[in-house]
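Make the full structure from the sequences, and use the hints.
If you're matching positions, the sequence shown starts at 1 in our numbering and goes up one per residue.
There's no promise every hint is true.
[What the hints assert, rightly or not] Below are the EDC-like pairs computed for lysine to aspartate or glutamate, each with C-alpha atoms no more than 20 Å apart in a straight line:
| id | residue 1 | residue 2 |
| --- | --- | --- |
| 1 | Lys267 | Asp346 |
| 2 | Lys242 | Asp196 |
| 3 | Lys231 | Asp205 |
| 4 | Lys340 | Glu264 |
| 5 | Lys131 | Asp196 |
| 6 | Lys184 | Asp196 |
| 7 | Lys134 | Glu161 |
| 8 | Lys274 | Asp346 |
| 9 | Lys231 | Glu254 |
| 10 | Lys267 | Glu348 |
| 11 | Lys184 | Glu153 |
| 12 | Lys340 | Asp275 |
| 13 | Lys274 | Glu339 |
| 14 | Lys368 | Glu280 |
| 15 | Lys274 | Glu71 |
| 16 | Lys274 | Glu348 |
| 17 | Lys240 | Glu144 |
| 18 | Lys297 | Glu371 |
| 19 | Lys300 | Glu371 |
| 20 | Lys231 | Asp196 |
| 21 | Lys184 | Glu151 |
Since the hints were derived computationally from the structure, they do not count as laboratory data.
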Amino acid sequence: MTLQSQEFSEQAARQTITIFFTSNELGAMQPCGCSGGQLGGLARRYTVFNAVSPQNRLIIDTGSLVEGATEQSQIKFSIIVQAYTQLGYNVVNLTGQDILVAHEAGFIDGLSSAFNCITASSSDEIKMPAKFTKSFTLNGSSVEVVVVAAETEDQISRLPELLASSAGSPLAVKILILNQADTKIIATVSEMNLVDLLIVSTQSDEPTLVGDANSRPLVISEGRIGKYVGKIQARFDTAKQKYRLVFSSVPVTEDIPQYQPLVELYKDYQRLVKDANLVERYPRFILPDNLEYVGSKYCKLCHDYEYDKWMTSKQVFIPGLDKQASPDSRHAGAFATLEKVGSEYDPECVVCHVVGMQYQTGYVSPAKTPEMKDVGCENCHGPGSEHVRSLGAIESSGPISTCSDCHTAEHSGEYASNQKQYFEKIVHWREPVSVVRVKEPNQPAKHNIQ
Numbered sequence: 001m002t003l004q005s006q007e008f009s010e011q012a013a014r015q016t017i018t019i020f021f022t023s024n025e026l027g028a029m030q031p032c033g034c035s036g037g038q039l040g041g042l043a044r045r046y047t048v049f050n051a052v053s054p055q056n057r058l059i060i061d062t063g064s065l066v067e068g069a070t071e072q073s074q075i076k077f078s079i080i081v082q083a084y085t086q087l088g089y090n091v092v093n094l095t096g097q098d099i100l101v102a103h104e105a106g107f108i109d110g111l112s113s114a115f116n117c118i119t120a121s122s123s124d125e126i127k128m129p130a131k132f133t134k135s136f137t138l139n140g141s142s143v144e145v146v147v148v149a150a151e152t153e154d155q156i157s158r159l160p161e162l163l164a165s166s167a168g169s170p171l172a173v174k175i176l177i178l179n180q181a182d183t184k185i186i187a188t189v190s191e192m193n194l195v196d197l198l199i200v201s202t203q204s205d206e207p208t209l210v211g212d213a214n215s216r217p218l219v220i221s222e223g224r225i226g227k228y229v230g231k232i233q234a235r236f237d238t239a240k241q242k243y244r245l246v247f248s249s250v251p252v253t254e255d256i257p258q259y260q261p262l263v264e265l266y267k268d269y270q271r272l273v274k275d276a277n278l279v280e281r282y283p284r285f286i287l288p289d290n291l292e293y294v295g296s297k298y299c300k301l302c303h304d305y306e307y308d309k310w311m312t313s314k315q316v317f318i319p320g321l322d323k324q325a326s327p328d329s330r331h332a333g334a335f336a337t338l339e340k341v342g343s344e345y346d347p348e349c350v351v352c353h354v355v356g357m358q359y360q361t362g363y364v365s366p367a368k369t370p371e372m373k374d375v376g377c378e379n380c381h382g383p384g385s386e387h388v389r390s391l392g393a394i395e396s397s398g399p400i401s402t403c404s405d406c407h408t409a410e411h412s413g414e415y416a417s418n419q420k421q422y423f424e425k426i427v428h429w430r431e432p433v434s435v436v437r438v439k440e441p442n443q444p445a446k447h448n449i450q
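Pasting the structure below:
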């Protein structure tokens, strides 16, 4: 870069306000780590934000910090609030669900000391503003960014009042967070000619430009679970009293350095989940027809070959991927992958690494049900008590898990285009399969499978 181009770049940076926004965190504080190439993580987001000086940036979250109102959601909410404070968020829009969780967890009064909060869901019981304003100084000129939250037609009708900027700031970027994607309301807002940037709800992971990049308002969909950070650069020409908005999406990739205090904060979350004993207290259904889980070792009695293949299945190279499967990525070592990263007490993780945690007689803990650790025979073939009791005369039946129950886009991003190769990794039977049926044994004790 020449000295002249460097000076131009520095001048352009001084004339630019960068508006970062995230949304729909839904408790996804970091990728699960079950596969490579995963996006996201609060600890990496710190590096993205700090590429821009705090004097020239605004950081917004549009809401939905957690999903649901469970005890685990409340723990997550507390950790996310602490993380957002360390990340330097300027304003967080709280949805009605966010307010409910914060209120039930006793956090509502302390939120304002963490960061500025706005909401379109204020009530007589919990009052919060719907508007936030931050002032910037660019080359001696005052510039404001005004952020407003709305969701009803009545709130939209009050936009002229809410979006008014201070008299001393002729230049203002006016942002509306709309907690829905109602096309009628979007059209109404556009016709009002008051809003510069409209952020609407979405089901997509990546924030996306909706419509024309030169339109006013610039309409952007939010994004989900922290895989991407939305980035709006407001590039000002203060001499001409005008600016231009440029949108981009920043993927939070694995190669982005992590901010260590936020890494430690996630470990605090893991300790809180462990102390709350959420796995052992997980709600469990009764299995149909008095079925019970028995553990994979009982399958070995008749399926010795299959059991040994399950235990010692070879690593299979997946075409298009840069690495060999780890020994602990096999189903028979599934629980060890959680222990390596400290997630063996997180029910959201454990449920896919053990047998039958959602049901009675399934996994409870390593001490109480060691035979239910890992992904075993009964995950895919169903509870085995009747099959074992009848010496194979009665086929095993549901409930069973399918591959896609756990190999989702969030947990196993490489699975979608490599199903065949993944399936080859778990082949543990001989072809052709020879099935031998035995008659019902004479009145065996139903639970004599110890």
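Structure-based check of all given hints:
Distance hint between Lys267 and Asp346 is fulfilled; the C-alpha atoms sit about 12 Å from each other, no more than 20 Å. Restraint check: the Cα-Cα separation between Lys242 and Asp196 comes to about 12 Å, which is no more than 20 Å; the hinted pair holds. With a C-alpha separation of about 15 Å, the suggested pair Lys231 and Asp205 falls inside the 20 Å cut-off, and the hint holds. Distance check on the hinted pair: Lys340 and Glu264 sit about 16 Å apart at the alpha-carbon level, within 20 Å; holds.
Using a Cα cut-off of 20 Å, the hinted pair Lys131 and Asp196 holds, with the two alpha carbons roughly 15 Å apart. At most 20 Å may separate the alpha-carbon atoms for a hinted pair to count; Lys184 and Asp196 meet this at roughly 18 Å. For the given pair, Lys134 sits about 17 Å from Glu161 by alpha-carbon distance, which is consistent with the 20 Å threshold. A hinted pair counts as satisfied when its Cα atoms are at most 20 Å apart, and Lys274 with Asp346 qualifies at roughly 7 Å.
Using a Cα cut-off of 20 Å, the hinted pair Lys231 and Glu254 holds, with the two alpha carbons roughly 19 Å apart. Using a Cα cut-off of 20 Å, the hinted pair Lys267 and Glu348 holds, with the two alpha carbons roughly 16 Å apart. A hinted pair counts as satisfied when its Cα atoms are at most 20 Å apart, and Lys184 with Glu153 qualifies at roughly 10 Å. Distance check on the hinted pair: Lys340 and Asp275 sit about 18 Å apart at the alpha-carbon level, within 20 Å; holds.
Between the alpha carbons of Lys274 and Glu339 the distance comes to roughly 12 Å, so the proposed pair stays at or under 20 Å and holds. Of the supplied pair hints, the one linking Lys368 and Glu280 holds, its CA atoms being roughly 10 Å apart against a limit of 20 Å. Taken as a hint, the Lys274 and Glu71 pair is honoured in the structure, with Cα atoms around 12 Å apart against an allowance of 20 Å. For the proposed pair Lys274 and Glu348, the alpha carbon gap of about 12 Å is at most 20 Å, so the pair holds.
Restraint check for Lys240 and Glu144: the C-alpha separation of about 16 Å stays at or below 20 Å, so the hint holds. The suggested pairing of Lys297 with Glu371 holds, with an alpha-carbon distance near 8 Å, which does not exceed 20 Å. Note on Lys300 and Glu371: the hinted pairing holds, with a Cα-Cα distance of about 13 Å set against a maximum of 20 Å. This hinted pair checks out: Lys231 and Asp196 have alpha carbons roughly 15 Å apart, not beyond 20 Å.
A threshold of 20 Å between alpha carbons decides the hint, and for Lys184 with Glu151 the separation of about 12 Å falls inside it, so the pair holds.
Violated hints: none; the structure is consistent with every hint.
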